[in-house]
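We have chain A already, so just place chain B on it with the hints.
Keeping their order, the protein sequence lines are chains A and B. For the first sequence, position 223 matches number 223 in the working numbering, and the numbering has no gaps at all. Here the working numbering = 1-based position in the second sequence + 1000.
Treat the hints loosely; a few may be bogus.
[Claimed, not checked] What follows is a list of derived Cβ distance ranges for each label pair:
| # | chain 1 | residue 1 | chain 2 | residue 2 | range |
| --- | --- | --- | --- | --- | --- |
| 1 | A | 28 | B | 1095 | 30 to 38 angstroms |
| 2 | B | 1303 | A | 265 | 31 to 39 angstroms |
| 3 | A | 118 | B | 1086 | 32 to 40 angstroms |
| 4 | A | 53 | B | 1282 | 41 to 49 angstroms |
| 5 | B | 1303 | A | 183 | 35 to 43 angstroms |
Source of the hints: derived by calculation from the structure; they are not laboratory data. Think of the CB as a built atom: it goes at the ideal place given N, C-alpha and C, for glycine as much as any other residue.
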Amino acid sequence: MQATYKQATHKQATHKWAQSLWTGLTYLLVFLLVFPVLWMVITGFKTESAAYSPTPTLIFQPTLDQFALALNSGFGAYLTNSAIASLVSTAIALLLGIPAAYSMVFQMSKKGSDDMLFFVLSTRFMPFAAILVPLYVIITRLNLLDNLFTLIIVYTAMNLPLMIWMARSYFMDLPKETLEAASIDGCTTLQKIVGIVVPMAAPGLVAAALLCIIFAWNDFFFAVSFTYTNSPTLPIMVAVFSSNESLFLAKVSALATLIVIVPVALGIYAQKYLVRGLTGGAIK
Amino acid sequence: MSQVNHPVMPGDQAVQVATQPKMQKPAVRREPDRWLYLPALAYMIVLTQIPFVLAFWFSLHAWNLLVPSEGFPFVGLSNYITVFFQDPNFWPIMGHTLELVVGAMVLAVIGGTILAVLLNRPLPGSNAVRALATVPFLVTPSVMALLWKNLFLSPSTGIFDWALHLVGLPAVAWFSSYPLESVTIIVAWEWTPFVMLVLLAGLQAIPDEVLEAAKVDGATALTTFWRVVVPLLRKPYEIALLFGTIFVFQTFGEIYLTTGGGPGIATNTLPYYTYRTALLSFQIGMAATLGVIGVIVAILAARGMLRLMTERS
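In isolation and in its complexed conformation, chain A is listed as follows:
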């Protein structure tokens, strides 16, 4: 009796020990994964000479100088461009995407809806580089190069498919009976969308909007292709900043920290919906 009891506790102890070992390993791996971002934040609080020290320093006199410098180098103008481009393009994507998704879920036949989904998917999967040339030619002809309006239009095109496939996935979960009842009560389509569908799918739509903002905010390709001096966004500021300065590690780290706060905060807020959103409900 006693022997088996002892054996059991012994086994339990090793089990527990193994469990904490796995837990420790998990923490370690996640720490290593996030380390580049952590180190960037830390470097932002250093002086340039500390940042360039060949031995990484963890103990140093933290300074806000680099953040001040980044903020005083025209940050506001870049920030305004980034904010307007991401917010306005996301608003248009919502405005166009919600009715489209509504139509796909509640009006179209299965086949029509599937065809539309295939079109939407292939639009987002098309490499942007392929349409760069004609877009560049059109934009130049229309005299819209280096114009914030152009970025808004392009980001809307980039995010509209994502918005549609996310909204579609959430609308599909709504109880059809509620909408049928509303039709019988004589609700117009607009009333059904604004009064029933949007409020019921609100969390999903918010997540979709946040993802769209992140994608627009993080874009480098269109920004570097279509903007120069009038409408550059924050990622462009980093490129300019690092090429103009001889010692730039701490400054760029501070600037980068300021830039990534937005997508990290929005992404973590929408974390629960990230996977489902990106995969259009294929993974829930």
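Frame of chain A; chain B shown alone:
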């Protein structure tokens, strides 16, 4: 011909219509405002399909913005012939593209699997840890790549090389000796959390009873993982691969801000080369050709993946 030979329409009322030929409309209440998808559809067609058709049209012409006297002569498929058979850069660049996509996805799948399995266990502070693990996927890729180059993979100031030095290894000039591998590491780092999130969602959908049953049958943890868990994760793996491949193929800022495509053409990928041909050497006809090839590659990849995804369901 009798009705037997009528093709059965997929899904709905075809059979009903065939048996009751007089019935005009099947009993589906006609919804008002059926045009609601049109604005979005029109927007996507104008911004992506029409430009693509234009790209194809441009690709059939010689057009160099730096030599305006040449004009816009129709040259048929000669741009394609030039790209495939005369451009010494094209095939190496296709190789780089493949290396980047495959390398980054393999690393991300390995890293994502390990993290997903570990994070699926009960863990103190698991929500915070999961949120932290998502961060590399959220941070601005181009900006982070620049920092990777200067803060981590730099032979003089990089923390990686400092760590190598600690264990007695010599510093590595990452971006000059292993440029494509360095870019691949950065891209893999960005996409590991995405793979992790998709797999984690897949793992959580596996009912506990299945794992219990395996345990009762005496399967070891490793056997359970390979024989039970991995097959059940088939769809999450396929989706992670499909999305990852398509997005990694489009890698741009990471290359632009670290190597600028160099040294030589060592880190040029197809999309990056398209950009350079268009906006740095202004060979519009040639760049359009590369763009069309890029779309074909992407469609083939997506098709192959979609087939994989639908064959069993």
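Against the structure, the hints come out as follows:
no., hint, result
1, 28(A) / 1095(B): 30 to 38 angstroms, "holds, 36 angstroms"
2, 1303(B) / 265(A): 31 to 39 angstroms, "holds, 37 angstroms"
3, 118(A) / 1086(B): 32 to 40 angstroms, "holds, 36 angstroms"
4, 53(A) / 1282(B): 41 to 49 angstroms, "holds, 44 angstroms"
5, 1303(B) / 183(A): 35 to 43 angstroms, "holds, 39 angstroms"
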